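Novice: Listed here are the chains, written in short residue letters.
There are 2 protein chains.
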Amino acid sequence: MKENNRPLILVTNDDGSNVPGIRNLIEIVKPLGDVVAIAPDEGRSGMSHAITIKYPLRIALLREEENFVFYNCSGTPADCVKLALDRLVDRKPDLLVSGINHGSNTSISVVYSGTMAAAIEGGIHGIPSVGLSVVDHSSHPQFSAAVTFGEKIIRNTLSQGLPEGVCLNVNFPAKKAEEIKGVKVCRQTRGFWKEEFEHRVDPLKRDYFWLKGYFENYEPDAEDTDQWAIKNNYVSVVPVNVDFSAMHAMEKIAAVYEKCIKV
Amino acid sequence: MKENNRPLILVTNDDGSNVPGIRNLIEIVKPLGDVVAIAPDEGRSGMSHAITIKYPLRIALLREEENFVFYNCSGTPADCVKLALDRLVDRKPDLLVSGINHGSNTSISVVYSGTMAAAIEGGIHGIPSVGLSVVDHSSHPQFSAAVTFGEKIIRNTLSQGLPEGVCLNVNFPAKKAEEIKGVKVCRQTRGFWKEEFEHRVDPLKRDYFWLKGYFENYEPDAEDTDQWAIKNNYVSVVPVNVDFSAMHAMEKIAAVYEKCIKV
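First to last, the sequence lines map onto chains A and B. Numbers in the numbering used here are just positions in the first sequence, counted from 1, shifted up by 1. Numbers in the numbering used here are just positions in the second sequence, counted from 1, shifted up by 1.
Source of the hints: derived by calculation from the structure; they are not laboratory data. Wrong hints could be hidden among the right ones.
Because identical chains share one entry, a pair is satisfied inside a single copy or across any pair of copies.
Below, in silico cross-link-like pairs of lysine-lysine (BS3-like), each with a Cα-Cα straight-line distance of 27 Å or less [stated by the list, open to error]:
| # | residue 1 | residue 2 |
| --- | --- | --- |
| 1 | K232 | K31 |
| 2 | K31 | K55 |
| 3 | K55 | K253 |
| 4 | K182 | K206 |
| 5 | K182 | K55 |
| 6 | K31 | K176 |
| 7 | K55 | K177 |
| 8 | K195 | K177 |
| 9 | K31 | K177 |
| 10 | K153 | K195 |
| 11 | K232 | K206 |
| 12 | K260 | K153 |
| 13 | K153 | K55 |
| 14 | K213 | K182 |
| 15 | K93 | K176 |
These numbers were taken from a predicted model, which means no experiment stands behind them.
Full structure from sequences and hints, please.
Specialist: Listed below in structure tokens is the structure:
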């Protein structure tokens with residue numbers, strides 16, 4: 002790609018290079034700048050911020066057009082971002098977008114999400130970064146609202162940037178654009194995945210366990226949360242910290258741990 | 002393990018079941034309660050909060066004594082915690098400890114760390130949780146300071162609990178206990194890993210890339226950071242948020258995103 006003055010936009014996801022989610026996202030950003038896309042070579046949901054240390058990574062060029070290149074990579078979403086920044090771009094990207102994920106990344110799912118890890122990785126590198134997800138896990142979700150509102154959100158981020166150390170976790174109802182009430186900036190819902198591993202026995206009579214579970218929402222009625230927004234046909238936008246330090250707890254923790262442990 | 006009134010302590014790590022780090026940690030907690038330990042069956046550093054969705058998990062019993070059981074598991078550190086909570090404990094643990102990791106988890110490494118993901122997972126489930134790491138990546142670090150101060154920190158957490166939504170990221174200099182100046186409660190240092198993927202060619206003449214890099218510290222002189230604490234022979238204790246919402250940025254983000262996107 003030739004160097005020029007257009008914004009450089011890095012695109013990635015965790016569902017792999019061959020899914021509608023990333024194709025929709027690429028179509029949104031192509032008119033906005035030069036696009037470098039790199040996605041895992043197969044679905045890598047639930048990989049969180051994992052990086053590949055023990056094994057080598059491979060990349061393959063899938064498409065090359067004017068102002069657009071598309072690679073896949075044998076690594077995780079975080080690997081994709083790191084590899085792109087070191088090897089695939091000629092300048093620092095002006096924007097990173099990750100998704101559009103097939104499936105919700107509301108509430109605590111932000112922790113497990115490869116889509117959001119890629120956005121957080123962008124934030125770590127000082128790039129305004131947005132993860133986008135549609136609340137429908139199927140292979141062909143309804144992307145209408147995601148495309149319409151996603152484009153507006155992305156244009157905003159590209160023109161205005163984001164506060165330092167903050168990236169965005171955007172979730173869209175799997176609805177048509179006209180059914181959406183608006184955008185709600187909100188916090189991550191308090192809740193957790195209640196796991197129930199299914200116990201099975203393999204053909205060699207050995208036990209194995211398979212992860213399943215359901216989401217338990219501690220605060221289904223809290224109107225300032227992302228789960229509430231989605232349920233009520235809003236697009237949810239959660240500002241996400243790239244720095245995990247619990248500043249509000251410093252004093253309390255210091256009072257216990259600094260005192261008690263002098264030698 | 003028989004039900005009783007002793008505290009229940011869940012132990013895990015990301016370096017695998019057969020390393021000195023977790024053996025040291027188990028010895029610290031054995032006198033404090035009933036211990037259930039479960040570690041990955043091989044080193045899984047850099048796995049962050051990855052969970053295993055596509056594949057089954059297996060567990061193997063390694064040791065069983067009075068008030069102590071030790072398993073390994075084919076999954077990630079987060080899988081270990083989830084599997085233990087669903088299948089291996091007879092009551093909710095009073096404490097989760099993860100480590101002692103061979104290698105630093107200061108600064109942004111908290112994001113990539115399987116050790117800290119296990120602690121965060123414990124925090125998500127409302128269990129007071131502590132990740133412990135010694136700043137020495139070798140297979141036989143100097144654990145003296147980690148054992149002496151680790152025990153004191155763990156006793157504190159067991160007796161006093163932690164604020165809701167907060168777990169601890171504890172790093173120890175690889176020093177003797179008598180060289181340590183004290184404990185510093187501090188924030189995560191601002192910085193990032195500057196990647197430099199090494200390009201190589203395999204025997205079949207195909208390209209591959211291997212992750213390497215170095216840590217770039219944006220604020221080496223900031224005395225309230227974990228990197229500074231470690232460099233100056235303190236044990237660092239960083240309170241870590243289980244909820245990633247950037248509350249401080251809500252208003253600013255809302256002003257841009259809620260206004261601009263009304264249909």
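Novice: Any hints this thing doesn't respect? Which numbers, in order?
Specialist: 1, 2, 3, 4, 5, 7, 8, 10, 11, 13, 14, 15
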